[in-house]
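As you go down the protein sequences, you meet chains A and B in turn.
Heads up, the final residue of the first sequence is numbered 566 in my numbering, and it's a clean run with no missing numbers.
Heads up, the final residue of the second sequence is numbered 586 in my numbering, and it's a clean run with no missing numbers.
Hints were generated in silico from the structure; no laboratory data involved.
Please read all numbers here as calculations on a predicted model, not as lab measurements.
Treat the hints with care, since some could be wrong.
As a list, the in silico DSS-like pairs of lysine-lysine whose alpha-carbon atoms are at most 27 Å apart [what the hints assert, rightly or not]:
1) B:K323 to A:K514
2) B:K542 to A:K303
3) A:K171 to A:K425
4) A:K338 to A:K283
5) B:K543 to A:K303
6) B:K191 to A:K522
7) A:K522 to B:K415
8) B:K580 to A:K549
9) B:K368 to A:K560
10) A:K560 to B:K569
11) A:K303 to B:K569
12) A:K303 to B:K580
13) A:K171 to B:K569
14) B:K323 to A:K523
15) B:K156 to B:K191
16) B:K156 to A:K560
17) A:K549 to A:K177
18) A:K147 to A:K177
19) A:K522 to B:K156
20) A:K303 to B:K534
21) B:K387 to B:K368
22) B:K156 to A:K555
23) B:K323 to A:K560
Over 10 Å on every C-beta distance to chain B, these chain A residues come out as not near it, computed from the model [stated by the list, open to error]:
24) K183
25) G253
26) L326
27) K413
28) N507
29) L540
30) L543
31) K560
32) R565
Every residue gets a Cβ at the ideal spot worked out from N, C-alpha and C, and that includes glycine.
Given next are the chains, with one letter for each unit.
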Amino acid sequence: MAEEQQLPGASGEEDTGDGPHPPAEDDRGDAGESSKEQAANAIPNLLRMLKAAESRWTPGQGRDGTKEGVTEALKTDMKIQLTEQEEEFNKRPMKTVPRTLSRSISQSSTVSYSSVSSDCLEDESSPRNKVQKTSKGTSDFCIKDIKRADFGRREIAIAEQEMPALMVLRKRAGAEKPLSGAKVVGCTHVTAQTAVLIETLALLGAQCRWAACNIFSTQNAVAAALAEGGTCVFAWKEETEDDFWWCIDRCVGADIWQPNVILDDGGDLTHWIDKKHPGLFKKIRGVVEESVTGVYRLYQLAKDGKLCVAAMNVNDSVTKQKFDNLYCCKESILDGLKRTTDFMFGGKQVLVCGYGEVGKGCCAALRAMGGVVYVTEVDPICALQACMDGFRVVQLNQVIRQVDVVITCTGNKQVVAREHLERMKNGCIVCNMGHSDTEIHLTSLQTPELRWERVRPLVDHIIWPDGRRIVLLAEGRLLNLSCSTVPTFVLSITATTQALALIELFNAPEGRYKQDVYLLPKKLDEYVASLHLPSFDAHLTELTDEQAKYLGISKHGPFKPNYYRY
Amino acid sequence: MTRACDVDKHTQEDNRSATSTEDLLSFFWVPGNERTVSVNMSESTGEAKQASKEVKESENVAEKYSALTVSKNTEMNMEELSSAFSAVPTHKPVKKQIQFVEDKQEFSRFPTKAGRRSLSRSISQSSTDSYSSAASYTDSSDDETSPRDKTQVNSKGSGDFCVKNIRQAEFGRREIEIAEQDMSALLALRKRAQSEKPLAGAKIVGCTHITAQTAVLIETLVALGAQCRWTACNIYSTQNEVAAALSEIGVAVFAWKGESEDDFWWCIDRCVNNEEWQPNMILDDGGDLTHWMYKKYPNVFKKIRGIVEESVTGVHRLYQLSKAGKLCVPAMNVNDSVTKQKFDNLYCCRESILDGLKRTTDVMFGGKQVVVCGYGEVGKGCCAALKALGAIVYITEIDPICALQACMDGFRVVKLNEVIRQVDIIITCTGNKNVVTRDQLDRMKNGSIVCNMGHSNTEIDVASLRTPELTWERVRSQVDHVIWPDGKRVILLAEGRLLNLSCSTVPTFVLSITATTQALAMIELYNAPEGRYKQDVYLLPKKMDEYVASLHLATFDAHLTELSDEQAKYLGLNKNGPFKPNYYRY
Numbered sequence: 001m002a003e004e005q006q007l008p009g010a011s012g013e014e015d016t017g018d019g020p021h022p023p024a025e026d027d028r029g030d031a032g033e034s035s036k037e038q039a040a041n042a043i044p045n046l047l048r049m050l051k052a053a054e055s056r057w058t059p060g061q062g063r064d065g066t067k068e069g070v071t072e073a074l075k076t077d078m079k080i081q082l083t084e085q086e087e088e089f090n091k092r093p094m095k096t097v098p099r100t101l102s103r104s105i106s107q108s109s110t111v112s113y114s115s116v117s118s119d120c121l122e123d124e125s126s127p128r129n130k131v132q133k134t135s136k137g138t139s140d141f142c143i144k145d146i147k148r149a150d151f152g153r154r155e156i157a158i159a160e161q162e163m164p165a166l167m168v169l170r171k172r173a174g175a176e177k178p179l180s181g182a183k184v185v186g187c188t189h190v191t192a193q194t195a196v197l198i199e200t201l202a203l204l205g206a207q208c209r210w211a212a213c214n215i216f217s218t219q220n221a222v223a224a225a226l227a228e229g230g231t232c233v234f235a236w237k238e239e240t241e242d243d244f245w246w247c248i249d250r251c252v253g254a255d256i257w258q259p260n261v262i263l264d265d266g267g268d269l270t271h272w273i274d275k276k277h278p279g280l281f282k283k284i285r286g287v288v289e290e291s292v293t294g295v296y297r298l299y300q301l302a303k304d305g306k307l308c309v310a311a312m313n314v315n316d317s318v319t320k321q322k323f324d325n326l327y328c329c330k331e332s333i334l335d336g337l338k339r340t341t342d343f344m345f346g347g348k349q350v351l352v353c354g355y356g357e358v359g360k361g362c363c364a365a366l367r368a369m370g371g372v373v374y375v376t377e378v379d380p381i382c383a384l385q386a387c388m389d390g391f392r393v394v395q396l397n398q399v400i401r402q403v404d405v406v407i408t409c410t411g412n413k414q415v416v417a418r419e420h421l422e423r424m425k426n427g428c429i430v431c432n433m434g435h436s437d438t439e440i441h442l443t444s445l446q447t448p449e450l451r452w453e454r455v456r457p458l459v460d461h462i463i464w465p466d467g468r469r470i471v472l473l474a475e476g477r478l479l480n481l482s483c484s485t486v487p488t489f490v491l492s493i494t495a496t497t498q499a500l501a502l503i504e505l506f507n508a509p510e511g512r513y514k515q516d517v518y519l520l521p522k523k524l525d526e527y528v529a530s531l532h533l534p535s536f537d538a539h540l541t542e543l544t545d546e547q548a549k550y551l552g553i554s555k556h557g558p559f560k561p562n563y564y565r566y
Numbered sequence: 001m002t003r004a005c006d007v008d009k010h011t012q013e014d015n016r017s018a019t020s021t022e023d024l025l026s027f028f029w030v031p032g033n034e035r036t037v038s039v040n041m042s043e044s045t046g047e048a049k050q051a052s053k054e055v056k057e058s059e060n061v062a063e064k065y066s067a068l069t070v071s072k073n074t075e076m077n078m079e080e081l082s083s084a085f086s087a088v089p090t091h092k093p094v095k096k097q098i099q100f101v102e103d104k105q106e107f108s109r110f111p112t113k114a115g116r117r118s119l120s121r122s123i124s125q126s127s128t129d130s131y132s133s134a135a136s137y138t139d140s141s142d143d144e145t146s147p148r149d150k151t152q153v154n155s156k157g158s159g160d161f162c163v164k165n166i167r168q169a170e171f172g173r174r175e176i177e178i179a180e181q182d183m184s185a186l187l188a189l190r191k192r193a194q195s196e197k198p199l200a201g202a203k204i205v206g207c208t209h210i211t212a213q214t215a216v217l218i219e220t221l222v223a224l225g226a227q228c229r230w231t232a233c234n235i236y237s238t239q240n241e242v243a244a245a246l247s248e249i250g251v252a253v254f255a256w257k258g259e260s261e262d263d264f265w266w267c268i269d270r271c272v273n274n275e276e277w278q279p280n281m282i283l284d285d286g287g288d289l290t291h292w293m294y295k296k297y298p299n300v301f302k303k304i305r306g307i308v309e310e311s312v313t314g315v316h317r318l319y320q321l322s323k324a325g326k327l328c329v330p331a332m333n334v335n336d337s338v339t340k341q342k343f344d345n346l347y348c349c350r351e352s353i354l355d356g357l358k359r360t361t362d363v364m365f366g367g368k369q370v371v372v373c374g375y376g377e378v379g380k381g382c383c384a385a386l387k388a389l390g391a392i393v394y395i396t397e398i399d400p401i402c403a404l405q406a407c408m409d410g411f412r413v414v415k416l417n418e419v420i421r422q423v424d425i426i427i428t429c430t431g432n433k434n435v436v437t438r439d440q441l442d443r444m445k446n447g448s449i450v451c452n453m454g455h456s457n458t459e460i461d462v463a464s465l466r467t468p469e470l471t472w473e474r475v476r477s478q479v480d481h482v483i484w485p486d487g488k489r490v491i492l493l494a495e496g497r498l499l500n501l502s503c504s505t506v507p508t509f510v511l512s513i514t515a516t517t518q519a520l521a522m523i524e525l526y527n528a529p530e531g532r533y534k535q536d537v538y539l540l541p542k543k544m545d546e547y548v549a550s551l552h553l554a555t556f557d558a559h560l561t562e563l564s565d566e567q568a569k570y571l572g573l574n575k576n577g578p579f580k581p582n583y584y585r586y
């Protein structure tokens, strides 16, 4: 869905007409729905979302233990403000703590950005002050405008097309109602894709109350459609910080309603309940957490012995990880580069820094297009893999003068430093697929002798005194989030994983899950995968009884031991 | 364990005494594979005895074929080669004798072995790979006295070894030098660690295939300060001249090609049982040595600091011991290290599938429809190679996650029955049994090729093809035409055994990975501070795994990037690794 909407405006044709922008300007348009006005708004929205995430995560609020992943969300638009930036970079080392191997933030959890914008008619009164009723007369929700439910319904219908797994799940489990009796309180992006998840949960028997995990990402129309459908939604686009917590609190609804399962993205909801309504945990059977950040917070709680319910880490399930990283990046690297630069890959020399999952995806895609790919790597095992896959493993310095594109996917900082940028050839493209915006050392480029010229949304030319230009994409932020879309199919994987995790937690016999953080059982991981196979018209082979016995496994899985590397 | 051992002995005896059963494979296999399952097998031993009698004809083929593969030093070999050629049935297709009874039995044996699943190849490739160069052509000057009865001394006057003929040492040295070319990692290790002598004081007793590649390993251990005594883990795989070369430089080697079962245990015993020399480390491949010491010299374990075990089988036995609480020293499982696994499976099979098919059938891959059963590491390797040559690849898979991976990699996931009529090649790599059944073979089109890359010889139901109405025709070594009454031919490779072991070689580079891993595991175990390793089976620490990889990077002229202090701090890592957490999937 996101793609369809975005493609027309995406190449930035309209915007390029505007000529060069000063980098600090805020009006870069990229994504957006049909109207141009919205297109112009989309990116600032994204940035504001990120900023919003930041404000809720600043160390000042006493949550500084947060994972590196969080800083991804923190990063906001790159004003060229040397002082602040400098500070920020100074800050980083202190924040470090754990290492993230997966992308810094779950892609799927941010994906909604690509289809965020939905409002045109602005009425200024806060939804908190309005009284609205659904057509059935209920009013236990708080959204922007219930009258837009019809439009939201269509959005949801589009999303359903690309989320076949959840539709299948509805069909298969609809009769059993495995979630009947479940009272799910959720805090995720409220978008068409999540709506499909929420309605699936409802169809499986759950009662849902929902809040948004980001103050900017909500699609108001979708929220309206959900409210109309009977889900108690408390979310609108552009909430204030105060609104945000108010929504969460209303959503938990401690007085009238006792949730027994939590579905969280980022850990805010869990945190709030832990702080304000600890009593609720007595009835809660489990927490399902999707994001790197939230999972990290859960692990910390568990470490401190403060976790008082079972929690399910869906972020690290095999299927989700592969889709968030390998497959998704394999597609988006090409898309992102094409949209921004109309670059042709054949015969171009490309340097990919890092050969983890993301790097592997990028390298495979680029080679398939005929690019000549070099790899830099710090880990000898990954380096050896690169060798065996036929890529030259080099140091950045060896090839920096000759490459046409530099792509960073290390998760590290300052992988491409000023000294490297100095030596790149004219027209070299620099972009980041890895982690936050730390990989390319941008502050080092903000010196008086270099001229920045914005040639397109998210495309800056940095011009050296001798006239040499470096093309910097998305100001060093994640190319795939900024300049390409995350396919609904990837979201479908995540949503299905969440739904199954909920079912598992809710139906698990007493004692299977203790007060700890669990990975999704392999069998469910396999089930998520199997629900997506029909999209490919893939036909799974079944083991015969004899074969299953020979292998010593059940006919229905799990098929691999836990340590299997896939 | 005792019971298992008795069974072992039987099976080994069978297989060892039977004049070369199938070919190279079987002896490697047999000691390995049978043992894993020996516990389940106890009742089937009687049967097994007969089973290993086999078609005589394949005997020569095996040896000659392996001679063929050693084409490295051609001059030496020309004569042998030509004779090998004439012996190989390529030139005179022999109608294969269909010996129902025996064969049937052999196949009916397999199901009882079931037991456990191995995800990795059923046996470590690297541990079998020496086969490719196993044939000792110098043996032609055979004298019939058993080495046990001969007294030999090396040039330094030491007689503490037992090999076929010490005078072959010079020739063996050249073999070793050839192997060294492709094992630069070990040479690098020698250079880097030679001054420290991290193994000074180590007394290593080893039991592996004795081939040029192992010799490079042994000499590396010696260069690092260890004293070594060595014996062969397989009665057929020893390269006599290499054993001689090792003896010449002072390693006490007890091994020759074509040992008897009795010789085999005698060698192990001589290797261990020495008043003046008490080993403190064990390097084992298959677990025989460890087992023998447990049985005969349990006291020696007081001094042992650790066991390094390479094969799937041996590792399995160690885990069993550990489970039973009987393991009294730390053991290192090098079989499951990332680097070794990837090389044994993904990379190695990616190359050998093409090699094996080309050598046997000269098939051209472009546009051919291939179905690959199973999309694990082996399947991924095969598919990548075939796709690269322009083949149209279909996948069958039981595991939805792997199936989804196949989809995302652009392969059609099908059921075998859907495509069986149209495909030109079927490759099995599931680790399962009866993946391709008679029913499916009946429906294949004329001229289609069936082969197995997966596991043992269970994947293709070959037994079902031994019925009177089908004619078997051996058209080349390892290539059978199975002819249906209507004239349809299906080409069966290596009689359903592992294609890559039977019909292609395992590169020395892959062995180098294994040998380096073993050497580092030795160093780690020997130097570990008291208490780091308890009486359990350990995986190689990730850092060592990374070191193995880094030692091999030089071959590719690959330049590793180093983290700056600041970057390392940012990531919360040590600059020198380990770089990934344990759960990382690579």
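Violations among the numbered hints, reported as their numbers in ascending order: Structure breaks hints 3, 4, 6, 8, 9, 10, 13, 16, 17, 18, 19, 22, 26, 27, 29, 30, 31, 32.
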